[in-house]
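Undergrad: Chains as they are written, first to last, in this note's numbering: chain F, 1 to 101; chain W, 1001 to 1377.
If you are wondering where the hints come from, they were derived from the structure by calculation, not from laboratory data.
Treat the hints loosely; a few may be bogus.
Reference excerpt, derived from the structure (chain W facing chain F, CB under 8 Å, subset only) [said to hold, decoys possible]: (1) G1069; (2) K1141; (3) F1220; (4) T1232; (5) T1251.
The beta carbon of each residue, even a glycine, is placed where N, CA and C say it ideally should be.
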Amino acid sequence: ALSSRSANLMQLVYGQASSKLDSAVSKDDGNETDSSDEEFFVPKGQKQAKTELPSLDDVDAEDCSKFIKVEQRDWSNEELIKSIRDRFVTGDWSKAALRGK
Amino acid sequence: MGREKARRLSGSRHFRQRLVLATLTSTAITIEDIRSGDAAPGLRPHEVSLLRLLDKISDHHSIDLNETGTKLRYRPGVILGGRNLEHDCGVHRGIGYFLEPLILLGLFARVPLSIQLKGITNDTKDPSVDTFRMATLHMLKHFGVPMEGLELKINSRGSPPLGGGDVFLRVPNINSTLTAANWIDEGMVKRIRGISFTTRVSAQMERRIVHSARGIFNRFIPDVHIFTDHRTGPSGGKSAGYGVSLVAETTTGCLISIDAAVSYPNVDEINEESEMPELMSPEDLGVKAASMLLEEVAQGGVVDSAHQGLLFILCALCPPDVSKVRVGQLTPYAIETLRNIKDFLDVKFIIKPDPNSNTVTLKCVGAGVKNLARKMS
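Construct the complete structure from the given sequences, taking the supplied hints into account.
TA: Here it is, written out as structure tokens:
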């Protein structure tokens, strides 16, 4: 099961076809023959509400390294506190040592 | 690696990484259809500003933009670096937007880079200058970059919309290559440090932020110290704002960081909302920031989610040795970074989930990118 999950993750990252747009194309830079510079554009109005999560397929997706989670959990909740207690030096060291083993 | 064919890309996404990776691999790129379907097509002011910055630190390069700004041709040259440069980052994006690419480019420059950057120091969209100073720069030492030459000094702060901040960045140029990292032990959080700031508002705001953040941390760890940085007059920039940057330091020297800030909307958002929105209270901001940091700690990994992309790029630039790192859940930005790395550097990571800790380990063999610009002494 682990290996298939790993395969899924690899596929999620590298497997999608969307990267084919970005393939290298041989091109003579000095004398371009196509007239793409004069191409007309059709304004399609403003993009949809910016509240949407960034899509992996949007070629104009915003360039932000920060990952902003919308949901804020209540970290005074006992269950939640317990869930990361051993991630602190004040927690159980032997349990923490098991991580990543 | 000096290829003669231009790599064709489309859209404005990952603009910074594309420019950085193109530069470091000497790959000419053509980006087309930049917001071509948008009511306001073409490059945005911050992207043009980034091109100007790139122009300032490079030589023998060419940058061609069509009239509508929807098509860019970039042929990289040599990264010069240089002393006491200056750049106005504008007010459309934070200085953090510019620092991310600048750090990478500076490492591969002919001479060490030192530059004064003006603009917005703390906002919600980009990592704060405090995050860079407290966490980002320290990441580089895991890849063999000496900390001595690295510096970020905050001369004045600037909040959106008008900015007015001013920082001074120094980046050393590396001798030849980075060194591969085996960085998978995230350790346990031993203390929390941070800095809160106010620009053109009462210093009382900071105490309220710190107090409410501490209230959350008290349940976890006693060693919490959040400095305050109250700015008035010119060193407080032109707009009102407040915020806090926090770092959890672990027993293995990992720095997990977040930042949060409150200000009035920036110039690009102002038109959409006619009224000035009510600002989040310092108490709520303190709780929000503390919660964000705990979320990052819960994720695990040797860096926080905002630094995943930079971490992977550093690994991929290393000599052809194995680098191994551990992160929490991959962010969409990090996933795109991995794809860009594969496209430009031909480096593919082996990505393995670790169900025990809900983390992910990534392994790669570096592309061996060398600093060819550096003058031989």
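Undergrad: Now look at each hint and say whether the structure bears it out.
TA: Structure-based check of each hint:
Interface hint status for G1069 of chain W: violated, as the beta-carbon distance to the closest one in chain F is roughly 11 Å, over 8 Å. This hint is violated: K1141 of chain W has a C-beta 20 Å from the nearest C-beta of chain F, more than the 8 Å allowed. Satisfaction of the interface hint for F1220 of chain W is found here, the shortest Cβ-Cβ separation to chain F being roughly 5 Å, below the 8 Å cut-off. Interface hint status for T1232 of chain W: violated, as the beta-carbon distance to the closest one in chain F is roughly 28 Å, over 8 Å.
The closest approach between the C-beta of T1251 of chain W and any C-beta of chain F is roughly 6 Å, which is under the 8 Å cut-off, so the hint is satisfied.
Checked against the numbered hints given earlier, this structure breaks hints 1, 2 and 4; the rest are met.
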